[in-house]
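There are 2 protein chains.
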Amino acid sequence: MPNPSVPSVPSQKSVGTLRDALRLIVITDRELARPHPVEEVVAAVLRMGVRAIQLRDKAAGARALLEQARRLRALTSPYGALLFVNDRFDVALAAGADGVHLGPEDLPVLDVRRAAPAGFLIGYSTDDPEVARRAAADGADYIGCGTVYATASKGDAGEAIGLARLDEVAQSVGVPVVGIGGIDAARAREVARTRATGVAVIRGIMAAPDPGAVAAKILAAFTGSRTS
Amino acid sequence: MPNPSVPSVPSQKSVGTLRDALRLIVITDRELARPHPVEEVVAAVLRMGVRAIQLRDKAAGARALLEQARRLRALTSPYGALLFVNDRFDVALAAGADGVHLGPEDLPVLDVRRAAPAGFLIGYSTDDPEVARRAAADGADYIGCGTVYATASKGDAGEAIGLARLDEVAQSVGVPVVGIGGIDAARAREVARTRATGVAVIRGIMAAPDPGAVAAKILAAFTGSRTS
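In the order they appear, the protein sequences are chains A and B. Going by this note's numbering, 131 is the number at position 143 of the first sequence; the sequence numbering is gapless. Going by this note's numbering, 30 is the number at position 42 of the second sequence; the sequence numbering is gapless.
Only chain A is shown next, with the shape it has when bound in the complex (with noise of 0.2 Å):
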């Protein structure tokens, strides 16, 4: 699904800063996803732009996750795209991908931070200020923090926090802040006025019809406008 209309795909091999990369974390979900393969959304969404992916995948078992990270590091490595692998620190290792990304649940972020080759990248999901200044003293590179919108999706994911809510935690933290939690290309721009630096999509990007428009839209909201 190239679209050549627009002309302003990065060039290859271009990371950026974490900062530009975190403009907008695409989410993997292979359900969601269908009928279209996972990579097929991935791919779009590099090409028109999207510098950060995460692999996500709770049903998988390692060795079956570790395949899929793989596939999108031959996706993302091209295009200099950070890739992240939600939860599973060694099959972050085993893929060669950038970063974990971290829960509550999931192995405290001083040990991966110690365990962890120079350079490796750690995000950490907490929406309350005090703890997501913990893990950034502990080693976290950046935080995901919702759910700032409610969503469609079945109740897991706690109770919005709204918008100030996250602005508060981009401000009690000097590392980056991504929204995460029923964001599209609207709700885009409302993030993009408060301190967060980005957003985390799963489901608006996934399940789109376009998932490259999506997340073009979604890229300029936080374009231009500031510099965190």
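Among the hints, erroneous ones may be present.
Stated by the list, open to error - Below, computed lysine to any residue pairings styled on SDA-like, alpha-carbon distance capped at 20 Å:
no. : chain 1 : residue 1 : chain 2 : residue 2
1   : B       : Lys46     : A       : Gly49
2   : A       : Lys46     : B       : Arg183
3   : A       : Lys205    : A       : Arg7
4   : B       : Lys46     : A       : Ala48
5   : B       : Lys46     : A       : Ala47
6   : B       : Lys205    : B       : Arg7
7   : A       : Lys46     : B       : Ala180
8   : B       : Lys46     : A       : Gly91
9   : B       : Lys46     : A       : Arg7
10  : A       : Lys46     : B       : Lys205
11  : A       : Lys46     : B       : Pro92
12  : B       : Lys46     : A       : Pro96
13  : A       : Lys46     : B       : Gly49
14  : A       : Lys46     : B       : Ala48
15  : B       : Lys205    : B       : Arg183
16  : B       : Lys46     : A       : Thr139
17  : B       : Lys46     : A       : Arg51
18  : B       : Lys205    : B       : Lys46
19  : B       : Lys46     : A       : Lys205
20  : A       : Lys46     : B       : Gly91
21  : B       : Lys46     : B       : Arg7
None of these hints come from the bench; they were simulated from the model.
Starting from the known structure of chain A, arrange chain B on it as the hints suggest.
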């Protein structure tokens, strides 16, 4: 539950050879150990000479598994006993365990070997001589081979392979092979007549009224009679 009538508890801090330690791997199971905590069973078998413990808890999240691993590390270290973590290479690393035990759905042996620090031990489960040879070539330090005997547990471990097949696998590889599945003290004496180095036991020890006594009997089955 120390048993002062048994005089031959090995001295602390002597880990001995890997083959010595692999005469008996005690694998944890929180459910089978009830009402006793796993740590109590592990402490009892360590006192009776067991020098290899595998933490296995497929229901636990990574953080809970890490906490368990740290408790077992604290118990095993004074004895110079080996601690393996089942499945999770990352948890094993974070806990300072000696190794990880992998199966066909876990990360491949070769990938873990490449990412692991020097001296880190890798076990791999298979009942196939060719697969065992490949695992050893990829860097596995020992093979867990079974199910040797049909067990009372629900049949998710596959059909029993019997002693002849265990012997065949043990003959096929240069690394130690440990029989697993339905093994008690009497059967350990049968296994000791094969080329297997030792046995791994879950239920026979976790659910035993006197785990230390069972462990001592199993260790005795493998002591002195053979060199492999």
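Status of each hint after checking the structure:
1. Lys46/B to Gly49/A: holds (12 Å)
2. Lys46/A to Arg183/B: The hint is violated at about 40 Å.
3. Lys205/A to Arg7/A: holds (17 Å)
4. Lys46/B to Ala48/A: holds (14 Å)
5. Lys46/B to Ala47/A: The given pair, whose Cα atoms are some 14 Å apart, holds under the 20 Å limit.
6. Lys205/B to Arg7/B: Holds. Lys205/B to Arg7/B sits at ~17 Å (cutoff 20 Å).
7. Lys46/A to Ala180/B: The given pair, whose Cα atoms are some 41 Å apart, is violated under the 20 Å limit.
8. Lys46/B to Gly91/A: holds (18 Å)
9. Lys46/B to Arg7/A: Violated, at about 37 Å.
10. Lys46/A to Lys205/B: Judged against 20 Å, a Cα distance of about 42 Å means the pair is violated.
11. Lys46/A to Pro92/B: holds (18 Å)
12. Lys46/B to Pro96/A: It holds: about 19 Å lies between the C-alpha atoms, which stays within 20 Å.
13. Lys46/A to Gly49/B: The hint holds at about 12 Å.
14. Lys46/A to Ala48/B: holds (14 Å)
15. Lys205/B to Arg183/B: Given pair Lys205/B, Arg183/B holds - Cα atoms ~19 Å apart, limit 20 Å.
16. Lys46/B to Thr139/A: violated (30 Å)
17. Lys46/B to Arg51/A: holds (16 Å)
18. Lys205/B to Lys46/B: violated (28 Å)
19. Lys46/B to Lys205/A: It is violated: about 42 Å lies between the C-alpha atoms, which goes past 20 Å.
20. Lys46/A to Gly91/B: Cα-Cα ~18 Å, so holds.
21. Lys46/B to Arg7/B: Not OK: Lys46/B and Arg7/B at ~27 Å, beyond 20 Å, violated.
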